[in-house]
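Chains as they are written, first to last, in our numbering: chain A, 1 to 341; chain B, 1 to 446.
The set of hints was computed from the structure by calculation and includes no laboratory data.
Treat the hints loosely; a few may be bogus.
[Claimed, not checked] Think about it this way: if two alpha-carbon atoms lie no more than 20 Å apart in a straight line, the pair counts; the simulated EDC-like pairs of lysine to aspartate or glutamate are:
(1) A:Lys212 x B:Glu383
(2) A:Lys21 x A:Asp89
(3) B:Lys326 x A:Asp281
(4) A:Lys212 x B:Glu393
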Amino acid sequence: MPDGANAHIPAEDNRYVLDVKDLKTVFRTRRGEVHAVNNVSFNLKAGELLGVVGESGSGKSVTMMSLIRLLPMPPAEIRSGSVWFDDMDLMKISEDRMRAIRGARIGMVFQDPMTSLNPVFNVGFQLMEPLRKHMGMTKAQAQDRAVELLDLVGIPDARRRLSDYPHQFSGGMRQRVMIAIALACDPKVLIADEPTTALDVTIQAQILELVKELRQKLGMAIVWITHDLGVIAGIADRVMVMYGGQVVEEAPVRELFANPRHPYTRMLLETVPSLTGERSDRLRVIQGQPPMLSASPASCPFRDRCPQAFGHCARENPLLRDVGANGHRAACFWDGVGADA
Amino acid sequence: MLDATPTRRKLVEVRNLRMYFPIHAGLLRRHAGDVKAVDGVDFDIFEGETLGLVGESGCGKSTCGRAVLRLYDPTSGSISISGKEIGWAHEAASEINADARRWAKWAIYVVLAVGIVAYAASFIDFENPALLQARNFIIGVIFAPLGLSGSPASPEVVLSSPLWRTVYMVLIFGILAVLANQFVWEAIFKARARTAGVSSSDVAPDETALRRLRPMMQMVFQDPQASLNPRMTVAAIIGEPLSEHTAMTGTERNARIYELMDQVGLNRDFANRYPHEFSGGQRQRIGIARALALNPKFIVCDEPIAALDVSIQAQVVNLLEDLQEKLGLTYLFISHDLSMVRHIADRVAVMYLGKVVELAPRDPLFSDPLHPYTKALLSAVPEPDPVTHDTAERVILQGDVPSPSNPPQGCNFCTRCPSVIDICRVEEPAMKEVRPGRFVACHLHP
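Let the hints inform the model, and build the full structure from the sequences given.
What follows is the structure, encoded as structure tokens:
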């Protein structure tokens with residue numbers, strides 16, 4: 001596979017590397033069903049970085065775990081949907097073929113690098129494992145590639161550090177190791193689930209810089225899950241806002257921040273105090289609590305907390321519809337002026 | 001409230017606060033060094049103000065907050081809250097105390113060593129009559145408290161039974177060790193205190209004395225899940241400080257619990273529910289109500305919003321601000337979220353590796369940071385605005401925070417500082433007031 005020389009693929013390439021349609025995931029618990037993901041559809045172009053924002057419980061992680069089939073089933077159950085990747089529907093292929101894709105052509109980075117690295121194996125072993133399993137490399141080849149990968153993610157003295165154990169690395173360094181493992185087999189898609197949430201801001205800044213650099217070099221598509229709008233603003237090309245298990249808004253990053261259309265997105269942007277802008281005496285608050293998701297929603301899930309809610313919101317769950325140029329879509333009946341749609 | 005007018009009263013004064021956690025190593029658990037979590041911190045908090053304390057994880061900000069409330073026993077340093085000293089009033093007192101403690105510990109070792117020798121000797125029948133006599137004399141002294149011969153616990157009986165002898169000697173030398181410890185500590189402390197001009201009232205107050213002061217200083221913890229007892233109802237949690245510190249009757253207590261629940265925006269009907277039935281934001285409200293129960297003057301908020309979702313964070317921060325206005329509270333607000341600190345704090349202290357590197361009123365600190373670390377920290381915060389992201393110049397710090405058990409020589413920040421100069425690696429910069437109200441510890445701002 002090409003490495004390094006690959007230029008950044010322009011976003012005009014409209015072949016999707018990942019195309020998710022109507023994904024629906026349900027958890028069966030003793031106290032009834034939890035509809036964690038409701039008809040989520042999105043796609044990812046080659047080389048694109050899609051930011052996924054939402055509060056905890058909004059279904060952003062479950063969506064990504066569903067599409068790589070990493071959820072324990074039961075209790076989870078994928079009710080419907082298709083995930084097209086490399087002309088295959090990941091929901092239909094066998095577990096063996098899925099295993100060949102997961103970790104190889106779709107890489108993953110999770111939130112907490114301490115719990116996702118195995119403390120009893122050294123970092124070299126964990127880096128070489130996917131190389132030997134997926135790429136069929138010999139031990140010597142895998143070792144050379146592992147050194148190359150650690151160099152790539154900016155870990156000094158790479159060859160010596162291969163024999164170190166995860167606890168000998170700091171938090172930021174561990175997350176670099178996790179990224180190196182995810183990149184080991186040159187994935188086409190990288191799914192990063194809150195990769196900087198557990199890190200300090202100065203270390204987060206280092207990781208964000210690294211990811212920008214790696215995108216330039218390797219040109220893979222990235223799905224970046226976070227609840228931090230600041231991080232999204234810094235690295236995403238396109239943003240998807242999730243609430244109550246569904247996508248409520250989707251737009252190119254500048255468009256989303258300049259012209260948010262869904263009331264939830266607007267309020268989310270207003271609740272975050274800024275470091276440089278005007279300082280208000282009181283923070284804007286989104287009253288109330290996120291929805292329970294115990295049933296497939298028949299109405300808008302944000303209705304109870306929405307200042308713009310009107311009669312129709314209680315009768316029907318809005319679908320994503322185009323609200324602007326460049327694929328700006330929002331799931332809201334309110335058209336910005338308050339008239340009944 | 002923002003300008004430092006001389007009429008403002010200082011509520012909290014912290015001077016040279018140190019909190020070291022000892023590292024014990026080797027077979028004998030020898031004291032091998034210290035983790036200097038807080039290493040000489042000074043700040044004041046004025047009445048009715050919010051002081052923000054920011055820094056990366058591991059910089060000692062939480063330890064500092066806990067030590068200020070004496071939830072830890074600080075190594076040294078003076079902490080005065082509302083005029084009451086709860087730390088070491090005199091710098092020398094903690095040192096003398098630690099010294100006396102060290103000698104007192106040796107007293108224990110000596111007594112125990114004598115005990116072991118005496119115990120072993122009591123089993124040996126010496127042939128030399130002088131040694132035998134000495135042995136019998138020592139045994140006689142040790143067993144003298146047993147009293148008259150002939151009784152079941154007389155020296156003869158005890159001496160003839162190895163089991164009784166063992167039990168008795170362990171007991172007597174145990175008691176002797178404790179007494180020696182206390183005696184040596186007192187003797188050394190008094191002797192040295194007189195020359196150093198320290199009185200015994202300079203020793204930090206003990207638990208019983210502190211307990212009387214607890215109502216005026218309270219804490220809101222980071223993780224509302226972990227800081228609320230899952231087996232207590234909301235009413236029991238909020239009411240616990242009331243039953244511990246006041247003599248309220250049941251009805252008075254219930255009335256106060258309901259009043260507190262109203263104050264923090266919890267529905268009264270939930271009084272008999274358990275913490276797990278609440279969401280994160282509501283749990284934090286329970287924690288705040290508990291902190292308010294005794295009408296405190298000063299509350300340390302240790303990352304009160306870090307475990308909450310963005311939309312809920314704003315609710316809790318607004319609640320804290322409302323309560324401050326209504327009840328005249330003073331906060332020490334510990335957080336790593338700089339934009340939230342900019343919102344809530346009047347003045348901000350920035351900590352790095354156990355030391356405050358910059359302390360300034362909020363607006364100048366955020367618009368014109370002086371210390372290179374503050375600059376780097378502020379520029380590392382991602383702004384929720386894609387346009388500034390593309391244009392802003394960032395200072396990206398290399399490497400990680402050094403270990404607080406082995407801080408670098410000179411300035412703590414010299415290993416990562418982008419504008420480091422030679423003197424930084426040699427001499428530790430002192431905290432100086434470079435502009436009115438603005439304190440910086442940096443060689444670039446002499």
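For each hint, the structure was consulted:
{"no.": "1", "hint": "A:Lys212 x B:Glu383", "result": "holds, 16 Å"}
{"no.": "2", "hint": "A:Lys21 x A:Asp89", "result": "holds, 10 Å"}
{"no.": "3", "hint": "B:Lys326 x A:Asp281", "result": "holds, 15 Å"}
{"no.": "4", "hint": "A:Lys212 x B:Glu393", "result": "holds, 15 Å"}
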